[in-house]
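Participant: Sequence:
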Amino acid sequence: DVVVSRALAPLSRLLLLAYPFLDLGAEGLFLKGKAAFEELTEAEKSWKMAVETISSESDPDGVILRLGDVQHVPRHAK
1 DVVVSRALAP LSRLLLLAYP FLDLGAEGLF LKGKAAFEEL TEAEKSWKMA VETISSESDP
61 DGVILRLGDV QHVPRHAK
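Under the working numbering, think of the first position of the sequence shown as 1, with each following residue one higher.
FYI, nobody ran anything at the bench for these hints, they're computed from the structure. Ideal Cβ placement from N, Cα and C applies to all residues, glycine included. It is possible that part of the hints are untrue.
[Claimed, not checked] When the alpha-carbon atoms are kept at most 16 Å apart in a straight line, the in silico EDC-like pairs for lysine to aspartate or glutamate are as follows:
| # | residue 1 | residue 2 |
| --- | --- | --- |
| 1 | LYS34 | ASP61 |
| 2 | LYS34 | ASP1 |
| 3 | LYS34 | ASP69 |
| 4 | LYS45 | ASP61 |
[As the list claims (entries may be wrong)] Quick list of the computed label-pair ranges, beta carbon to beta carbon:
| # | residue 1 | residue 2 | range |
| --- | --- | --- | --- |
| 5 | PHE37 | GLU57 | 14 to 24 Å |
| 6 | GLY25 | PRO60 | 29 to 39 Å |
| 7 | LEU24 | PRO60 | 16 to 26 Å |
| 8 | ASP23 | PRO60 | 30 to 40 Å |
| 9 | LEU24 | ASP61 | 29 to 39 Å |
Make a model of the complete structure from these sequences and hints.
Facilitator: What follows is the structure in structure tokens.
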């Protein structure tokens, strides 16, 4: 199973929305713009995940974030 989004929300919010599916083993394919790496850095404060970045063929500033093994880690947990 795959969860796909384009221009929906910042990655941290997107992960909250998609987590019910990602937690069951779905993979995330999230099309992100030039702020993708900043969003990823912010999301990694609360989430652990396997990340693959794929260059966008339609947007030179964009990437596709392919996420798997997504786990929510509360900010107070270390």
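Participant: Now tell me if each hint is right for this structure.
Facilitator: Hints, verified against the model:
{"no.": "1", "hint": "LYS34 / ASP61", "in the structure": "holds (5 Å)"}
{"no.": "2", "hint": "LYS34 / ASP1", "in the structure": "violated (27 Å)"}
{"no.": "3", "hint": "LYS34 / ASP69", "in the structure": "violated (24 Å)"}
{"no.": "4", "hint": "LYS45 / ASP61", "in the structure": "violated (24 Å)"}
{"no.": "5", "hint": "PHE37 / GLU57: 14 to 24 Å", "in the structure": "holds (19 Å)"}
{"no.": "6", "hint": "GLY25 / PRO60: 29 to 39 Å", "in the structure": "holds (33 Å)"}
{"no.": "7", "hint": "LEU24 / PRO60: 16 to 26 Å", "in the structure": "violated (34 Å)"}
{"no.": "8", "hint": "ASP23 / PRO60: 30 to 40 Å", "in the structure": "holds (33 Å)"}
{"no.": "9", "hint": "LEU24 / ASP61: 29 to 39 Å", "in the structure": "holds (32 Å)"}
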